[in-house]
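Q: Chain by chain, the residues run as shown.
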Amino acid sequence: MSEDDDMRDSKEDQPESGGSAAVPGAGAEISDLAQTLLHSDIPRDDKPGHRFAYPLWGMLLVTPVILYHTSVLLVHNLPSKGLAKQTQDWFAKHLDAKRYMRAAGSNQSWAMFAPNPHRSNIFMRVEVVKEDGGVVDLEHDIYGRRWYPYLWYDRRGKINRRIVDGKGYRRHYAAWVCRQWERQHDELPDEIRFTKLWTRIPSPEELMKQTKGKPWRGYDPMNLHLNEREEDAIRCNSTRHAQLPPYLRSRYGMEPAEDGHFRGLYIRTWVDAAEDGDDAERRKRKGKNK
Amino acid sequence: MIGLLLAFKKDKPSIDVSAHADDVTTLILYAIVLLIAFFVVRPELWRRIFLVRVDPRPAALMRIAFGFVVLWTFLDLAFTGGQGAAESNFKFLFTDEGLWLTDMARRNYSGNLKTLWDPEQGFEHWYDLFKALWGRMSILHFRSDPPFVMAVFGAMYTCLTLMILGVRTRLMTVLSWFLVESAYRYSPIYFTGGDTVTRCFMFLGMFVNWGQAYSFDAWWRRRKAVLGGARTVPALRLIPAWPMRIMYVQLAIIYCATGLLKSGKTWKTGTALYYALNLDHFYRVPATGLVGAGHFSGLLPISAIITHWWEMLFPLVILGMMINCYERERRDGSWPTAAIWRRLLGWLVFMSAWVIGAHVAGVGAHYYLLPKDDAPFGIPREQLIPTVRMAVAVLPVVLLALYVALRRFLPRIFDFVRTWLLGRRVWLVLGFNLHVGIDISMNVGVFANVMMSVYFVWLSGAEIDLMWRTLFSRGKDPEPQERFKKVPPKLRRIVGFFYRHGYRATHRRPGKRYTIVHGADDTSLRHAALLRCWDLGYRLDFQADADSNDGDAAEGRSTPAGPAPLRVIVEGRSEVLSGGRAGQALIKIFPGLWVLRPFSWIPVVGPALGSLALYVLKQK
Numbered sequence: 000m001s002e003d004d005d006m007r008d009s010k011e012d013q014p015e016s017g018g019s020a021a022v023p024g025a026g027a028e029i030s031d032l033a034q035t036l037l038h039s040d041i042p043r044d045d046k047p048g049h050r051f052a053y054p055l056w057g058m059l060l061v062t063p064v065i066l067y068h069t070s071v072l073l074v075h076n077l078p079s080k081g082l083a084k085q086t087q088d089w090f091a092k093h094l095d096a097k098r099y100m101r102a103a104g105s106n107q108s109w110a111m112f113a114p115n116p117h118r119s120n121i122f123m124r125v126e127v128v129k130e131d132g133g134v135v136d137l138e139h140d141i142y143g144r145r146w147y148p149y150l151w152y153d154r155r156g157k158i159n160r161r162i163v164d165g166k167g168y169r170r171h172y173a174a175w176v177c178r179q180w181e182r183q184h185d186e187l188p189d190e191i192r193f194t195k196l197w198t199r200i201p202s203p204e205e206l207m208k209q210t211k212g213k214p215w216r217g218y219d220p221m222n223l224h225l226n227e228r229e230e231d232a233i234r235c236n237s238t239r240h241a242q243l244p245p246y247l248r249s250r251y252g253m254e255p256a257e258d259g260h261f262r263g264l265y266i267r268t269w270v271d272a273a274e275d276g277d278d279a280e281r282r283k284r285k286g287k288n289k
Numbered sequence: 000m001i002g003l004l005l006a007f008k009k010d011k012p013s014i015d016v017s018a019h020a021d022d023v024t025t026l027i028l029y030a031i032v033l034l035i036a037f038f039v040v041r042p043e044l045w046r047r048i049f050l051v052r053v054d055p056r057p058a059a060l061m062r063i064a065f066g067f068v069v070l071w072t073f074l075d076l077a078f079t080g081g082q083g084a085a086e087s088n089f090k091f092l093f094t095d096e097g098l099w100l101t102d103m104a105r106r107n108y109s110g111n112l113k114t115l116w117d118p119e120q121g122f123e124h125w126y127d128l129f130k131a132l133w134g135r136m137s138i139l140h141f142r143s144d145p146p147f148v149m150a151v152f153g154a155m156y157t158c159l160t161l162m163i164l165g166v167r168t169r170l171m172t173v174l175s176w177f178l179v180e181s182a183y184r185y186s187p188i189y190f191t192g193g194d195t196v197t198r199c200f201m202f203l204g205m206f207v208n209w210g211q212a213y214s215f216d217a218w219w220r221r222r223k224a225v226l227g228g229a230r231t232v233p234a235l236r237l238i239p240a241w242p243m244r245i246m247y248v249q250l251a252i253i254y255c256a257t258g259l260l261k262s263g264k265t266w267k268t269g270t271a272l273y274y275a276l277n278l279d280h281f282y283r284v285p286a287t288g289l290v291g292a293g294h295f296s297g298l299l300p301i302s303a304i305i306t307h308w309w310e311m312l313f314p315l316v317i318l319g320m321m322i323n324c325y326e327r328e329r330r331d332g333s334w335p336t337a338a339i340w341r342r343l344l345g346w347l348v349f350m351s352a353w354v355i356g357a358h359v360a361g362v363g364a365h366y367y368l369l370p371k372d373d374a375p376f377g378i379p380r381e382q383l384i385p386t387v388r389m390a391v392a393v394l395p396v397v398l399l400a401l402y403v404a405l406r407r408f409l410p411r412i413f414d415f416v417r418t419w420l421l422g423r424r425v426w427l428v429l430g431f432n433l434h435v436g437i438d439i440s441m442n443v444g445v446f447a448n449v450m451m452s453v454y455f456v457w458l459s460g461a462e463i464d465l466m467w468r469t470l471f472s473r474g475k476d477p478e479p480q481e482r483f484k485k486v487p488p489k490l491r492r493i494v495g496f497f498y499r500h501g502y503r504a505t506h507r508r509p510g511k512r513y514t515i516v517h518g519a520d521d522t523s524l525r526h527a528a529l530l531r532c533w534d535l536g537y538r539l540d541f542q543a544d545a546d547s548n549d550g551d552a553a554e555g556r557s558t559p560a561g562p563a564p565l566r567v568i569v570e571g572r573s574e575v576l577s578g579g580r581a582g583q584a585l586i587k588i589f590p591g592l593w594v595l596r597p598f599s600w601i602p603v604v605g606p607a608l609g610s611l612a613l614y615v616l617k618q619k
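Line by line, the protein sequences give chains A and B. Letter 90 of the first sequence, counting from 1, is numbered 89 in numbering that gives the first Met the number 0, and no numbers are missing. Letter 379 of the second sequence, counting from 1, is numbered 378 in numbering that gives the first Met the number 0, and no numbers are missing.
Treat the hints with caution; some may be incorrect.
[As the list claims (entries may be wrong)] Calculated pairs, DSBU-like style, for lysine-lysine (alpha carbon to alpha carbon, straight line, at most 30 Å):
id: 1; chain 1: A; residue 1: K195; chain 2: B; residue 2: K90
id: 2; chain 1: B; residue 1: K130; chain 2: A; residue 2: K84
id: 3; chain 1: A; residue 1: K157; chain 2: B; residue 2: K267
id: 4; chain 1: A; residue 1: K84; chain 2: A; residue 2: K166
id: 5; chain 1: B; residue 1: K90; chain 2: A; residue 2: K157
If you are wondering where the hints come from, they were derived from the structure by calculation, not from laboratory data.
Put together the whole structure using the sequences plus the hints.
A: Structure representation (structure tokens):
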């Protein structure tokens, strides 16, 4: 990698040396056209003498875009608390920076293995508690279940880890489990139980001690003490979306459920706002008439 | 800005910064305004950095590599997971038969779409769609039944493939961004770091004119020109540099931020990689013994500390690129010049911004530097702000003096600093090796792959050329070595083996030449010239066939029957290849046709693919 090529622009680029040296043909002379098309260097610059990409008006148009994106990007990546917080707030309020980053799909956070990598292996056991009290482990965690070598990235493993920290996701995850169970067994289970499992990775010093000074012997991850703690239990019949909606029952060819079986969601839209507005208007008019 | 990030490194929510928060905010805004003012005073520098035209090949290679990674990500997402296709991640993550029913996903993740759109009445105004787009909406928030989602994914795969091939590249990139974002925005529960990188660069990709090389678009344009009467093979169109410069900034931010956030004890003591490689969720194979040995041999602690510092200091590579560019153009006299008063004013404005940054760094140190210590580094806490402010403020003056002194009195050390310590060869090669190491030892999704695909954009056109030439070169065999006579006979073979291969790796000669024997008439000649658009390793020679179209050649007239059949002579082989076998030979040396190469050795299939290649190359 030649450092002399850093930020090289069109001006510096040399013509494409084809290396297509003329091979004397068997009696055929090289015509002018053959010389220029087949044997001359291919030019590197489609507009020689034009160093810049745009005319003046184009530059004036592009410059604010570059400035805006770059400054928003830098400020977006400052810590969101402490001294930089107000700067971010200013950018959000006056330059709509947060919405821009979201709209561009560029909102970002780079805390990978930070501030430390985990020192424990964490899993979430997901169990179905049936109406009759029976418990079924759905085997959604990877503890002792992964196939090696681990080649294809396992998104379910990631999600299993995420529901350990992201408590807000558990209700939705449980709702999905309830729906799946209902689909497969045509009945709702009682509840979904989440149990956190974890094993602590021995520190290097502990490893040295355990292996009696021979750390290359390693340790068996399955021999580490498995800690367990029940984290959550979510009931299927009272949680929103934890039952199959009528359209899914029909799609799966199931009998319609009794009324009130599905606990749906109501989202207020502009229609509700408009109706509220109409009601308010009506009340106002009524008041005036009185 | 990086100085500010450093000052905020240990940002903790519990620290009350309200005494200085207003002042610091105002000062940061002033600093930004001053930096803009600097470029108003020196617009030629702005133009030089962002608005020049550059070689399209690095961006084009990035398009191909990056496009493959994105395509792979979504193929992997669609076809893995669960038991059987019915329970695949595709259904689980993106359809109403999975984790989210459509209205729940819309309520939680669609931004203002949930109020702007009503399932029965639609939008209130036509322009509400644009309001929703300026948010987080996805088309899957309208409906997400499996057939619909499958259609969206099908469209996405098609657009990504066409983007990689470079067919209507600009349009396909925009559509790919929209469809990829639609999938990502449905819900974020499965996101990894690699997905965030993908989203950031996919957005920037829409602004890069990366279809101007290694694409069907460029091929069709050049083909039209050559067959339409051009007297030379047209150059590739150079492209605006600014989106690529923003990509540099984006990558530097990713590394710098992730490095600064690694503020924990394990990164300081070097045990971080020991723990990371022992995490059940990530390792490719359980190798606790190997990791233990790696740790106690010192390999992992050193790697962890190097990785941490390499990430934090990565923005230096941009500084290095600017310095190298300045030095090169100063030498050849092409660096933009300005009147002395503008240069002085520019310095004044820049230094004003720097002094503001120095003050903010001082305030940052006051709050975040060793909070439990009354006198960090022996400086009383009340003296921290002026001391750090002064130290940071004089830093550029000291560095500038050092820079000038090195350049003048110690040029070799100066060259070493700018081309090695600050050079891309160190930072990018180290980064590449780091990612390869991560990818081999751990499975963290496509993070390593997507980061490496972005590296292409940091190369220059000349380096891409060199890459192709090296790829197509052959190793030179060393002369028989007398020196091995002193090596014990048992070891002679193994030493010889390593010596020979080391020699071949470092001593290269050009690959075999391929001579194209073309008709001498105008049409044949123009069709033969088209092959130069595909010849990235410069392996072709051309020779007119005196027997074909006699007479026409002398007068330069084309023949109505089309080009004379092309023939190929491969250096070192006596036979002249024609028809499908000629095409088969060209598949080997044209990277654009390498997709056919794994099958081109199969009897019967090979010549058929050769014929297909000749058709694509417009030789039939």
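Q: All hints are to be evaluated individually against the structure, with a verdict given for each.
A: Taking the hints in turn, this is what the structure says about them:
Between K195(A) and K90(B), the direct Cα distance comes to roughly 26 Å. Compliance with the 30 Å bound is thereby established for this hinted pair. The hinted pair formed by K130(B) and K84(A) meets the criterion: a straight-line CA distance of about 26 Å does not exceed 30 Å. With a CA separation close to 27 Å, the supplied pair K157(A) and K267(B) stays within the 30 Å bound. Using a Cα cut-off of 30 Å, the hinted pair K84(A) and K166(A) holds, with the two alpha carbons roughly 26 Å apart.
Between the alpha carbons of K90(B) and K157(A) the distance comes to roughly 17 Å, so the proposed pair stays at or under 30 Å and holds.
Violation of the numbered hints given earlier is absent; every hint is satisfied by the structure.
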